[in-house]
Structure formats: structure tokens, C-alpha cells
Amino acid sequence: MYKTRLLVATFVVALVAACGSEPAPPPAPTGPTPEELERRRQDSIARVQAAEEARMRAEQEQMEREAARRAESLRRTLREVVYFDYDQSNIRSDTQEKLRAKADVLRGNPGVSLRMEGHADERGTSEYNIALGNERAEAVIQTLTGFGLDANRFSSVSYGEERPMAQGSNESAWSRNRRVEFVITAGGDELR
Amino acid sequence: MSVRTRATAPRTPVVPLLAALLLPVSATWLPTGPLSAQEAEQVIPGVALGLVYETTYVPPIAVLPFRSGGGDESQAEAVRQIVARDLRFSDRFTVIDSLPALPGEGIDYGLWDGLGADWALTGVLERTGTGEVVLEIELHDIVFASLRERRRFPLPGSGDPDFRLAVHQASDAVVTWVTGDNGMAASRIVFAMRPWGDPEGRSKELYAVDSDGENLQRVTWDESIVVSPTWSPQGDRVAYTSYKSGIPVIYERELASGQEHPLDTGQDGQQITPTYHPNGSTITFALLAGRRSDLHSYDARQRCCLSRRLGEGFHKNLQPTYSQDGRRIAFTSNRLGTPTPQIYVMPADGGDAVLISPYRYGERSYFTDPDWSPLSSKIAFAGRVDTGRTRVGGIMRYQILVADLEAGTNRLVQLTREGNNEDPSWAPNGRHIVFTGERSSGHGVFVVDTGTGRTRTLVAGVRAEDVDWSPLLGRE
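In the order they appear, the protein sequences are chains R and U. Letter by letter, the first sequence follows residues 1 to 192 in my numbering. Letter by letter, the second sequence follows residues 193 to 668 in my numbering.
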């Protein structure tokens, strides 16, 4: 019984197939030509290469960004303003640490030169404050040369009370104006 | 000296008629007191307050209307007003001013004697054949009923910058005829100031103004910082520090041509606080090199040759000023070891320095800006002592002091009490002092007469710094 059914089914299928149409022609060769294949192969190689290059470029950029960030941080360390007590030019202990950090950067970057700009608060006469600002700038240079750095890398100018950082006649303004600023005069583009 | 003997007390009470003729003369004086509530009185301990003012008689002088030979009455009146104000500013006269023209020629000595005048001044503006204008003034002695002096002063055209100077010279002549002393009307004052309209700006330029407060002019346009200008003793040049090259360098400026020369010392360092030797041969200044600042001299005639004056330790020595004979220098230094400066005097060739500012051990005093009188042994300077009384609103106020070296070490007087006062500089008459000040009414440049203590405002409403008074100008 089961066999009979199978036979009938096979027959029906054959009948249907025989009644369908003319026998189909052999299919046209729809696959890529050898040239196309070669092109695709090249494309794929190019894509991989491009991806690799992009990756490397990104890596490079990342490194450059990091280098720039590091250079920026070094620059910030070099340019960090140091402050002084009223009518004083001696180096405070917090200043000592700032100067030590600057000395480390300078040691690693022998091409860098700095100009120290000394300032004073508005109290006292303008002329005496120029001398005071000079003393502050020179005290900073002395400390840095004391760390073993070459004095020829440093120059100084004193502005006295002429270039205040903060306006106002109160201690908070004065304390910000009693300072030495640092200007990178050479080697600023090659900080590592 | 041709000062005659005369009474030193008023002879005649001023009659009501005269009082009616007087304009309110006192309007030109700043009252020295009473101080406002915010202005605590500033007295430095151990210093005599105020000069022992002269009790000498201040003679009344009538400045009569000037006549005009050429017909220009308004110019004659303008000239008369300049002279009358100069005489008032001289503090040597009580000026009887704004008088009506009296009929007739000549001076009615009896009338002026009755009105209480000791002197009468007349003037005539005449146009000569060559078109020149000449001012002829006559000083009449009312007491002795006679013409005392007559002199002619050629005047440049009224648009000429030297026109006022020529009139001021006539005023100075009157002062000298009566007192035997130099005047100071024919002089100017220089100072450093932030330009108008840019008070918070970063530049500070050189300015100049006449002794009567007229003719305020900006001299430099460097857009840099000008510090401590100083006159040459001939009055033809001003030396000052400028930052225009990047660091402070002293320049000598020829005022007529505007030409400038930097001090070429051949030595690195920042140059500040120049001063001329009284004979004009050298400029002495402070050179900042390393941590120290020392006084050096420079040959102003050869424009060369730095020579070192002083030097010891890490001290600040600056603001030199020569004695009238050029043999001594007063300067500012912190050589005592105190962080704040004091005033010292030493021989001009170097040597032991003597402290002259009123320093007391343990006291935080600050004395600076010395200026030696061109005619005497007096040194003016500014200073403060940090006591509860000198501290107002947390800010220490500075006052003007005068030390008289001839009168002994304790002869120190304080000239100002009100507000904040700095940068004193002597007039060529060795009597008046110009200084910068801050009052409840604002900042300004002021002139004080050390003879009477009277103070006037030279330039109101400016934050001037580093004022310096010229020698007498326009002398042949």
C-alpha cells in the first residue's frame, strides 16, 4: 500500500514535468569574468590596505595628539606663573616645586629658552617696583641654574607694576600681581 | 641782589574800596583743611608736621591794565592775565587784580599807597617798525613813589609755542626785581601717564605741561611704557626709560627736534631712573644686572663710557639725584637689609652713604623718590610708615617730606597730610615742589609752596606719575 502511493506520486511529478515547456537551454555563463575577478581581488586588497592605513593613521594621529597633549602640558608647566610675598623676592616653597618641574622639562628639552618677566603689585613707587620685579625674575633664574641648567638659556625683563594680571587695590589682586611670568623664546615647537 | 630794605609788616590796612576791587583770589588755592571724613590725617611719627612757614610779609602788588600800542586790546589783556596769575602762583605777592583802567598817564602813587599796594605793575604791548611785538613792563615802587624797573620783552606771535614762555619770563623778572630770587614761571613739568581715552590701556606716554597748568601736551607716541623722565640742566633734553625695544632702556630726547638716542653703554642690563649732573656732563642711572641694581654714570657729551659707582651685596640702589654742586648724590636703597627702601646720601664719587629718611628699627617704613633742590641742601622725598594711623582702607598712604641737610639730621618736615602724595620734584626756584596726588576729589598733579604751605592744582583729574620740573627755560 505505501509503495503504490509512492509510485503514483512519482508519476504525477514526472507528468507535470513533461507537460511544462521546451527543455531549458543551458544557462548563460553569469559568473564574473576573470578580469572582473582580478579587479575584485585588487579592490579587496585595496580595501584592506586602506583600512590598515586608516588604522595606522588613526594610531599616528592618536600618538600625535598625545604628543601634542604632552607638549601642551610641558608648555603649561614651563609657563606656570610663580608668585611672591609682599616686597619679597625669595622663592617660596610652593614656587620651589613649580621651578623643579620646569627644570625637569628644560633638562629634557635642551633647545628651549625662557624669558622671565618680573612683576610687582601697585604699592610702592613704579621705579622701585621695577627693581623688585627684576630681583624676582633673577631669583627664579638663580634657582633654575642652581638645578644645573645653563644660565644662557634664560633672559629677564622687569615690568614692575606696569602690567598687572589682576585689576584692583586689594590683597587678592596684589597677590596675583606679585609674580614672574615665563615666555618661551626658543624651542617651543619641539617640546617632548 | 638789589633788595631794598623795607618794612616787613603791612603798613596800611586794606581799605574797603580795595576789597571791592578784588576778585576772589583765594579761589585758586586748594584749601589745606579741614580734611573730609574719609581722609584721615596722615602724620609720620618723629617728623615735624608742615614747614615752619615764613612769617615774612607778602607784599600786595597791583597789576594794572596793560595798554596796547598796536590796538590789540584783547591780546594786552590776555598777556596781563598770564602775568597776574604767574605772580599769584609765585606765592611772593598778594595780587591786586582785575582793576579798572584809570584815566590819565602815569602812576598815582598816592592813590595806590592809600589802597595798600606796595608795588604796581604796568605793561604796554607795542608793535615795532619791523612788525615785532614787544612787551614793555614797568615795576613801580609805591612806598618810595618811584619807577623801580623797566624792561622790554620781545614776544613771538601769539600762535607761537614760545609766546607764553616769553610772557612767563616777564613774570619771573618781576619776582626777581622784588625778591632777588629766581622765579619759576618760565618752566615746564614732564610726567608719565596713560593716554587719554585709554586709562586701562597698556601704554604709558610722556607728557609735558607749562608751570601754570596750560599747554598740556603729549610728547611720545611709542605705545610703550615711559618711566621716570628727567630734564637736562639746560632744559633742551629729557632723558627717560622706555620699554619700546622690549626691555627698559634710557633714551635722551632732544625736545626741539624730537630726536632720540638710546644710552649706548655697551653693557647688558635694564636701565632705569636717569638723572643729570648739574653741569650736564653725565647721566647717572640704575643698571639692573643680575639680582642687583647699582648706580652707574654715562658720559652724556661723548655718548659713551659706562663707569660703575656703587656695588655691594644684592641691594637695590636707584633713583639718584645730585646735590646743587654736583658733589653728592641722594638715592634710594634697601641696603639696611630691610625689604623696603630708604633714602641715603653719599659723595658723588662713591663712599660711605648716610641714611637721611626717618627709619626706626622694626618699623615698616618706605621712603622713595628723592629729589635734591637745585638751589639748596634740601631733599624732598615721599614716604610712609606702616602704623595704624597711616593705613586707610588697607592702603598705605604716602606723604611728601623734606630733609634739610644743613639744618641737621633731625630737620625733617612733612609737607602734605591729605590723601596720597608721591614723586616730588623741585621747581627751579628751589621753593615750590610739584607732586602727584590723590585726594577725595580725585587724582591730579599739585604744586606746593614750601614757603607758605599753599597748594594748588596744576593738572586736575589725571593719574600722572614720575613728575619732573624743568630748569628755567628759554634763557640765552
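Don't take every hint at face value.
Sample of chain R residues facing chain U (criterion: CB under 10 Å; computed from the structure) [stated by the list, open to error]:
#1 A71
#2 E80
#3 Y86
#4 R123
#5 S126
#6 I141
#7 S156
#8 S158
#9 E162
Per label pair, the in silico range of CB-to-CB distance [to be verified]:
#10 R:E190 x U:D517: 56 to 66 Å
#11 R:E80 x U:N407: 44 to 54 Å
#12 U:N407 x R:G108: 57 to 67 Å
#13 R:R163 x U:R410: 14 to 24 Å
Think of the hints as simulated: they come from the structure by calculation, not from any bench. For glycine and all other residues, C-beta sits at the position ideal for the given N, C-alpha and C.
Status of the hints after comparison with the structure:
no.	hint	result
1	A71	violated, 26 Å
2	E80	violated, 22 Å
3	Y86	holds, 8 Å
4	R123	holds, 7 Å
5	S126	holds, 6 Å
6	I141	holds, 9 Å
7	S156	holds, 8 Å
8	S158	holds, 6 Å
9	E162	holds, 5 Å
10	R:E190 x U:D517: 56 to 66 Å	holds, 59 Å
11	R:E80 x U:N407: 44 to 54 Å	holds, 48 Å
12	U:N407 x R:G108: 57 to 67 Å	holds, 60 Å
13	R:R163 x U:R410: 14 to 24 Å	holds, 21 Å
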